[in-house]
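Peer 1: Hints are included, so try docking the two chains, each in its own frame, into the full complex.
First to last, the protein sequences are chains S and D. Just so we're aligned: the first sequence equals residues 1 to 150 in this note's numbering. Just so we're aligned: the second sequence equals residues 1 to 372 in this note's numbering.
One should not assume that every hint holds.
Said to hold, decoys possible - Dumping the calculated DSSO-like pairs for lysine-lysine here, alpha-carbon to alpha-carbon at most 30 Å:
#1 D:Lys318 / D:Lys281
#2 D:Lys192 / D:Lys180
#3 S:Lys140 / D:Lys192
#4 D:Lys365 / D:Lys325
#5 S:Lys36 / D:Lys192
#6 S:Lys115 / D:Lys325
#7 S:Lys140 / D:Lys180
#8 S:Lys140 / D:Lys318
#9 S:Lys36 / D:Lys180
#10 D:Lys299 / D:Lys318
#11 S:Lys36 / D:Lys181
Note that these hints are calculated values from the structure, not bench results. All values derive from a computational prediction rather than experimental measurement.
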Amino acid sequence: MRVKVPLHYPGLSKMSVTIPLIVLIEDSQTDVFLVKEAIAAHRLDVELHILEDGEQATGFIARIESDESAACPRLFLLDLNLPRTSGFEVLSRIRQSERCASVPVLVVTSSDAEKDRAKSAALGATAYFRKPSGYEAFLKLGEIIHELLA
Amino acid sequence: MFRRSASEMRVLILAPLGRDARLLADTLAALDIETKISPDAKILIALLAEGAGTAIVAEEALTADHVQALAAWLASQPPWSDMPFVILTHSGRPSAESKRRAQELEPLGNFTLIERPVRPETMETAIRAALRARVRQYEMRSRQEALIQANADLEQFAHSASHDLREPIRSISVYSELLKKHYEQFLDLRGKEFLSFIHSGAQRMEGLLADMLSYAHASSISDDAPEPICARGPLDAALENLSGAIRESGASITVGEMPMVRMRTSHLEQVFQNLVGNAIKYRREEPLHIRLTARREDKHWLFCVEDNGIGIALEYRKAIFGIFKRLHTNQAYSGTGMGLAICQRIVERYRGRIWVESELGCGSKFLFTIPA
Chain S
1 MRVKVPLHYP GLSKMSVTIP LIVLIEDSQT DVFLVKEAIA AHRLDVELHI
51 LEDGEQATGF IARIESDESA ACPRLFLLDL NLPRTSGFEV LSRIRQSERC
101 ASVPVLVVTS SDAEKDRAKS AALGATAYFR KPSGYEAFLK LGEIIHELLA
Chain D
1 MFRRSASEMR VLILAPLGRD ARLLADTLAA LDIETKISPD AKILIALLAE
51 GAGTAIVAEE ALTADHVQAL AAWLASQPPW SDMPFVILTH SGRPSAESKR
101 RAQELEPLGN FTLIERPVRP ETMETAIRAA LRARVRQYEM RSRQEALIQA
151 NADLEQFAHS ASHDLREPIR SISVYSELLK KHYEQFLDLR GKEFLSFIHS
201 GAQRMEGLLA DMLSYAHASS ISDDAPEPIC ARGPLDAALE NLSGAIRESG
251 ASITVGEMPM VRMRTSHLEQ VFQNLVGNAI KYRREEPLHI RLTARREDKH
301 WLFCVEDNGI GIALEYRKAI FGIFKRLHTN QAYSGTGMGL AICQRIVERY
351 RGRIWVESEL GCGSKFLFTI PA
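Isolated chain D (complex conformation) (with noise of 0.2 Å):
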């Protein structure tokens, strides 16, 4: 499905002394498996990065320094690949000094001991599940290549989309507009509804619009963790963009202390954002009260958007995370079902959790969590 140059199946063998990697060669070569002699430990460093099956190497050729650049050129592997070994031992060793041989070892990560003398059958059998293993490995490879290449597809597709379904729905916003300032004195009381359903309509496809974009985009966030960010700035910035909704709420909002993290700005500003907002738009009668807590728990930030509002049914807690999802209407209330998902997709992103615990009529808890 994806590339596999030819190298990339072929057995590397390390074995300076005597005969010992042509007798290796001709008995791989005897069952088909195609395979490079290196002289030295240099030379197998630069062989392993034109790519290799699997590798052999007789330990007399490991010094500590090999065992070190091999283990430097081991940590350099993409994600995907663990470089299958087979280390060739010294036969009747006692076995105190071949467990002190393992740890020295213990660097190269995935590798096999064997033996010394080796028995044909041994070495076909140890080198067929090295390749084994290894093809995994490139399955994985092109299994994470087209999961990256579909995420970029779906960065693009958002971006024309945005780009250019945005175009004309701006120009029927607009000139519905246009139409209302310049002939709504023509129109009846009929026509006036029709255009006031046009334009709603074209307002609420770009709310759509903007929507998919960032989801798309939250799609794409790299993963390399950024520098850490006091969480109280981005989330400062928050509820500086809902201002107006606040205000007009009456709604009370305590924050506790923020934690730093290792996320950007934009992300959990966005994801305070949307938990914020929703605690606004789905409140009740009474007063509203929101309530934003952070804290440590083992490994991540447990951070926690807490509200007395309408609250959720039980079956409905995961389907609100789904995109386009809504439980309403939009005349009860507006919305594009589109910010949860976002939330969700930012958050998983950075290798965290959110979920909700809520009680209908009894408010919300929403909960996210981010790696400390």
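Pulled out of the complex, with its shape left as it was, chain S reads as follows (with noise of 0.2 Å):
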């Protein structure tokens, strides 16, 4: 995945050389596994940054939004059932953030609710994946996020 470009290159900024950065929000190690098993079963050469619950994940954010040579993700996968603050209000911040508006959001999650999926929709998520019980099917992760970076 890593685009090899020189950096004087013109007309390409600095962020297409670097790796591209997906904040994972998931507070169930388990889980945090398998995210890991998908991007490497699809060699995808990205940095993973994983944050616990949903303070963690307004907490980076907010410094995303102070800091302006932060770097901001490209994608994030964002669990809907956290701890406290929930997926869906951390969907929210994302979405009235600044610099982070219009970051892909895949939402993860073990809800197949049409509630739920209708709710993250609305909230602005870019897409939904319900985390299957196989472990081949979860891997299939993997595939949606490389499409997402595309």
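Peer 2: Following this line, the structure appears as structure tokens:
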């Protein structure tokens, strides 16, 4: 995935040569491992930053906003069922943020409830991935991440 | 038990002529019955909307327009409410005229005519009867509210269950798979068997959770009938979902003409899918035939899913619709025991009925009705 372009190449910003940053907001250790597996299985060259709950996520967004030089992620992977601050609150916060408003957000959740899908879409989620119960099926997540980064 | 505002037991009085209203109010006050006098029919409707136990109305205060306006308000009452009226009529009228007048008041629905001059005890018994009826209506409201709340709670519970319980189960499922993938070589036969028990247990639990959620969703189907749809659409979708099982079983399926029904597509699809799925699952050795038909019967459509499978013994015909109810071991026929319970829940929410006609070893006929 890494784009090998000389730094001085005209018309390209510094961003395009850095490894894409993906922020994963997920409190479950078991799922963090599976997300890593999915990324590895598709040989995606990305930097994965893990935030374990909603507060860490909102704190992260606040930092990006206050610090212009801080790198903006290319993709958020967001679990809905987080302790205290819910995934939906984090999603709204991302969409309200000036720098992250247009960053794709992939909701990654156990829920298959129509309500949750509809609410995610209404709040501006880019895509929705229901965590499957099979290992191979979970690895499909890598494919979706690949598409969202393209 | 539930909120009942102070205004809900008061007696509204509309009797604009002379001292009628005042006298009535005094009579009722002496009986410890709260009253509120309304100067005209328009205000009466406003007061009714705020809440009342009953209303006493002198018939001269009701023009045909007023009756219509009142009827419009009555039509907007919630289902539990049927506001009782006591109408004071003129005295000594020929019975033909009284009959005509009663017909004019027909739109009021729940009313009693009392001829003037009214004896106090006649008034008291009439008002007490009306208030008593009204109290019954409030009790009905409480029960309906409790029911709505209970359904909402069940839905919420099932949602949390599917969400929160599913997470750990999914982990067990995936990680038992990973364990098998990476470490199976280090396990002996017994270890491998244990691992497969863990995996199939987790998968079964997931199926149960999914069905529990469907059941809860079916419980919260709203009372308003949706726009009519052709039953063929959800039927085809159900058959498509089952296409793998249909192919594997070699079932031949015939479908009759399907009507338009007022149901949500997803609900009818689920009913068909569960019934056809059962027909496939509980088949015999011989070639399986499934027949889906529908015909008009009186005020509803009667749907029928008929098979030549193993059939159901008489004593289980009711039990099979119970939740988590199963007649077979998981080894013989796998399942959660929720399929028919979900069907029943859906059909009943649409004011239909579902039952089975069957003989052990001679196939089953699952029938359900949906109002036409």
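Peer 1: So, against the hints stated earlier in the document, which numbers end up violated here?
Peer 2: 8
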